[in-house]
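**Q** From first to last, the protein sequence lines stand for chains A and B. Per the working numbering, the first sequence starts with residue 866, numbered consecutively. Per the working numbering, the second sequence starts with residue -9, numbered consecutively.
What the hints contain is simulated information worked out from the structure, not anything from laboratory work. It is possible that some hints are incorrect.
[What the hints assert, rightly or not] Listed below are the simulated SDA-like cross-link pairs for lysine to any residue, each with C-alpha atoms no more than 25 Å apart in a straight line:
(1) K1185/A / A70/B
(2) K1185/A / K61/B
(3) K1193/A / S1233/A
As a plain string of letters, each chain reads:
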Amino acid sequence: MQSLNLRLTLAASLVLAIFLGLAGWALDRAFKDSAETAVREHLQAAIYGLMAAADMNRQGNLSLPEGLPEERFQRPGSGLYASVIGADGVSVWQSPSQLGQQLPTAPHLPPGEWSFIRLPSESAGDLFVLSFGSAWELDKQNLQFTFSVSEDPAAYAAQVSRFRRGLWGWFAALAVGLLVAQGLVLRWGLSPLRRVERDLAAVESGNQEALTGTYPRELRGLTDNLNALVKTERARLIRYRDALADLAHSLKTPLAVLRGAGRHDGTGQPLEQLVKEQTERMGQIVDYQLQRAATSGRTTLMAPVAIAPLLQRILNSLEKVYAERQLKLSLDVDSDVQFRADEADLMELSGNLLDNACKWAKQQVKASAHITMVGADQTLVLSIEDDGPGIAPDQRVAVLARGVRIDSSVPGQGIGLAVARDITAAYGGKIDIGSSPTLGGAQFQASLCSV
Amino acid sequence: MRVLLIEDEDNLRTQLRDRLKVEGHVVDTAADGEEGLYAGTEYPIDIAVIDLGLPKLSGIEVIRRLRAAEKRFPILILTARGRWQDKVEGLEAGADDYLVKPFEVEELLARLRALLRRAAGWTQATLQCGPILLDTSAQTLQVDGQVVDLTSYEYRVLEYLILHSGEVVSKTDLTEHLYEQDYDRDSNVIEVFIGRLRRKLDPDNTLNPIETVRGRGYRFALERGS
Chain A
866 MQSLNLRLTL AASLVLAIFL GLAGWALDRA FKDSAETAVR EHLQAAIYGL
916 MAAADMNRQG NLSLPEGLPE ERFQRPGSGL YASVIGADGV SVWQSPSQLG
966 QQLPTAPHLP PGEWSFIRLP SESAGDLFVL SFGSAWELDK QNLQFTFSVS
1016 EDPAAYAAQV SRFRRGLWGW FAALAVGLLV AQGLVLRWGL SPLRRVERDL
1066 AAVESGNQEA LTGTYPRELR GLTDNLNALV KTERARLIRY RDALADLAHS
1116 LKTPLAVLRG AGRHDGTGQP LEQLVKEQTE RMGQIVDYQL QRAATSGRTT
1166 LMAPVAIAPL LQRILNSLEK VYAERQLKLS LDVDSDVQFR ADEADLMELS
1216 GNLLDNACKW AKQQVKASAH ITMVGADQTL VLSIEDDGPG IAPDQRVAVL
1266 ARGVRIDSSV PGQGIGLAVA RDITAAYGGK IDIGSSPTLG GAQFQASLCS
1316 V
Chain B
-9 MRVLLIEDED NLRTQLRDRL KVEGHVVDTA ADGEEGLYAG TEYPIDIAVI
41 DLGLPKLSGI EVIRRLRAAE KRFPILILTA RGRWQDKVEG LEAGADDYLV
91 KPFEVEELLA RLRALLRRAA GWTQATLQCG PILLDTSAQT LQVDGQVVDL
141 TSYEYRVLEY LILHSGEVVS KTDLTEHLYE QDYDRDSNVI EVFIGRLRRK
191 LDPDNTLNPI ETVRGRGYRF ALERGS
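Can you build the whole structure from these sequences, using the hints too?
**A** Here is the structure:
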């Protein structure tokens, strides 16, 4: 059941079959009922005719005239037969049409009662038999006769089968018509999906930048998300490529230094220290570029991350790591602050900023965060303060590039702040460095924008 | 000190093991998580160094199970990826500190010293008990302000006794927790060392810093602080 077309066609055909079947059955029943009623009414009229024509003599014998109103009673084998039986069950009269035929006899009925039954006969199939019990008064004497009229079912059966042929013929035509119509509706209804498929193939093969067509409202969520995904993937690809290029370039300098050291001429640094310095630097470069490539950056498909618990987890961890220094780490974030971003990115950003603050703090570090809205765009402002020595204004730009600038090789300095800066940039934001109004040390304020 | 080292990379494990032995530690090594968990639960470990990316059982899981088994010794994690998510997860599982690879062995040793001190309730790098001042980062001893020379093994024994001050430390404890290169592990040797230490710490026989608890072992008896 991998095909939507197949699913819909099968389901619709099943519904169609059930519906037409039930409708046909009901119509068939209704038609047969009404045809039978017609037969009964017709027979009833014949009985009334016979009773009107019947005559009784003084001896109590019932007789019917030669010329009956219904011509078919006269003609032998016409299919319409009549008979009259007395109270003792003995046949009193039979219509001439019954001549030479063995027909079943209907039972005697008490006066005033009707019976409409089907009786099997040897020569003419199942006969419809209508009987009526009548009472005749003669000299205060009550004589009972049962009038029966039978009809051959051939005409009725022919009528029913003609109706059935007509009915099922029309239904078959209707079913074919409906299936064709449904096929066309499906083709038309699903055509936007085929268009998306075609466009997606074009994007895949690089002929198209994104899904640019106009799509029905129901598909727009899907196509918008696909476009966002394509965009994110493309950005990621570019970031990987850049990171790779940067990595290769930035490794060249320490490699050159090391190669130069191979031709040692006795001047300069001792080889051991030089190797140590340069490998440390290379390690930092690798770490930094790896981190950059791993940064997810903002995309549309992010779930909101609760900020307070995330910061709390990092503070708990840092409390453990810096247990010896007994720092006072405080958190000032409303519990409902949420931000759409990659959790790993947020953790990396706040982890690096907080770790840096803990390194420089004398006793106190404070983390706070809030959301500001500019139109529909959210901005997360994350502020980390400490009571350390602070950073001189002319150092503030350089601090963020620490550890990764090609010409900076101060050993022992981490790449944390440079990573934090890059993550912030990936979210279209920046890091401002100032001095903490409450604690007196440095204040790092990272603002991140969501889409 | 008895160090448990769980690291799957052979080179690094051997290198660290050798270095830790040179520093006077008894080292148990394991190359995967299951082996490491066994060693951690069965041996009298003082401190553990656990790599996060281990075969069979992840480092995080090893730490979790060690803590669940009521093992309280400090744990330092090594992580190749310096991601905060890994660090936070490791610390939340019960580790006490982390180190990102590649690292300097000196850095690792300093972290281990600090963790051991912290676990024994000392916050400073120098341990002072009355006139005795042991500097754990420089690994030197001063008595009444005078520098006293100690051999590496004597220093280890003294550090162990001070970190466990007030507790009875048996000879078996000392042989199980301190690696001693040049001598047979013979209890007489330990008596000889304790005798020498007493003379160096207390030449005038007035302090009696190391008490003998008959039949059980030794106890460092001086109060903390100056």
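**Q** Look at each hint and say if it fits the structure.
**A** Hint by hint, here is what the structure shows:
The suggested pairing of K1185/A with A70/B holds, with an alpha-carbon distance near 20 Å, which does not exceed 25 Å. Between the alpha carbons of K1185/A and K61/B the distance comes to roughly 17 Å, so the proposed pair stays at or under 25 Å and holds. The hinted pair formed by K1193/A and S1233/A meets the criterion: a straight-line CA distance of about 14 Å does not exceed 25 Å.
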